[in-house]
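Whole structure, please, built from the sequences with the hints as guidance.
First residue of the sequence shown: 1, per the numbering used here; consecutive thereafter.
Calculated from the structure, these hints are not laboratory results.
Heads up, the beta-carbon is just placed ideally off N, CA and C, and yes, glycines get one too.
Keep in mind that the hints are not guaranteed to be accurate.
[Claimed, not checked] Ranges between beta-carbon positions, derived for each pair:
1) Arg4 - Gly119: 46 to 52 Å
2) Cys5 - Thr137: 49 to 55 Å
3) Thr316 - Lys21: 17 to 23 Å
4) Gln243 - Lys21: 36 to 42 Å
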Amino acid sequence: LTERCRLDVGPDALVRAATEKDVDVVVAAIVGRAGLESTLAAVHAGKRVALANKETLVVAGPVVTRAAADNGAELLPVDSEHSAIFQCLAESRARQSQFATANQPNTAVDPSAKTHWPGVRRLILTASGGPFRDWTTAQMREATIEQALAHPTWKMGAKITIDSASMMNKALEVIEAKWLFDVPADKIEVVVHPQSLIHSLVEFEDGSLIAQVSPPDMRMPIQYALTFPRRLPCPAPELDRTQGWDMSLFPADPDRFPALALGFEVARVGGTAGAVVNAANETAVDLFLNGQIRFTDIPEICRRTLLDHDHESSPTLERLLKLDVWARGRARELAQI
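Spelled out as structure tokens, the structure:
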């Protein structure tokens with residue numbers, strides 16, 4: 001190792017790295033609940049956090065957002081869908097700021113502020129639909145691990161690819177959007193967009209829509225989170241405007257994908273629900289990848305684990321972490337493993 005490199009190990013190594021005095025931006029990209037402590041430490045340290053770990057807000061949304069407000073930390077989304085929403089809202093608010101500054105110099109609007117989105121009717125998250133977009137429930141019941149891992153658009157790790165196949169990934173994104181943008185669940189909608197060119201949309205009270213459109217390449221939202229509010233040249237490919245664009249949108253089907261309905265329910269009730277469903281899902285996905293349960297067992301195990309827990313509306317972080325352990329054990333019991 002050179003003098004500028006340091007090897008750090010142990011359970012607190014990530015926390016120490018995330019809170020280094022000279023660190024300006026922390027990219028939180030650890031998969032699952034495992035990323036919570038280091039991300040929360042960065043928030044408490046007042047860092048700008050480029051959030052690629054959606055589970056942090058799913059598990060501890062109220063704790064994290066309250067800590068961000070108390071410590072002056074910034075939460076900037078890396079997920080392509082939430083980055084798209086953020087870009088649409090930021091551009092709208094930046095224009096309001098320019099107008100306000102020109103007409104009332106002391107009323108400029110902060111484009112990165114998340115609350116009180118004036119004129120916004122709905123946030124619309126797009127979903128590719130995954131490999132089972134056109135499958136029946138009966139077909140999905142017999143789905144193999146290889147089929148579930150064959151995502152038609154994105155190349156991702158195994159856990160998030162399975163989440164995409166079950167649409168649990170979109171369910172988690174609904175919960176994340178609720179906390180990240182401070183909006184109720186009934187102002188969030190999910191539509192299926194197989195081409196993955198429209199990454200999300202914002203609908204305004206006059207019925208107009210603003211969308212963020214780009215090729216399905218994560219380099220763009222990653223760069224935006226790192227450089228906001230600046231826009232710099234990006235190495236990601238651009239859309240070929242000389243060719244026709246096929247962009248279809250249609251409603252998601254929560255009957256075939258019950259995980260999606262579960263996500264909206266968790267977003268509505270808040271509290272401990274997110275921690276429980278996330279832990280049950282991580283456990284169920286692991287069981288499926290090890291060939292121990294069917295694909296369609298995943299959302300059912302999550303649903304039953306949620307029903308079996310005693311909901312609390314204002315939990316502490318310690319309570320959420322204890323429930324995480326409980327839910328993993330309960331999910332295995334329900335799977336009879």
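Here is how each hint holds up against the structure:
Arg4 and Gly119 have their C-beta atoms about 48 Å apart, which keeps the hinted 46 to 52 Å range intact. Checked against the hint of 49 to 55 Å, the pair Cys5 and Thr137 passes, with Cβ atoms roughly 52 Å apart. A hinted range of 17 to 23 Å for the beta carbons of Thr316 and Lys21 is inconsistent with their spacing of about 28 Å. Separation of Gln243 from Lys21 is about 49 Å and departs from the stated range, judged on CB atoms against 36 to 42 Å.
Hint compliance for this structure: hints 3 and 4 are not met, and every other hint is.
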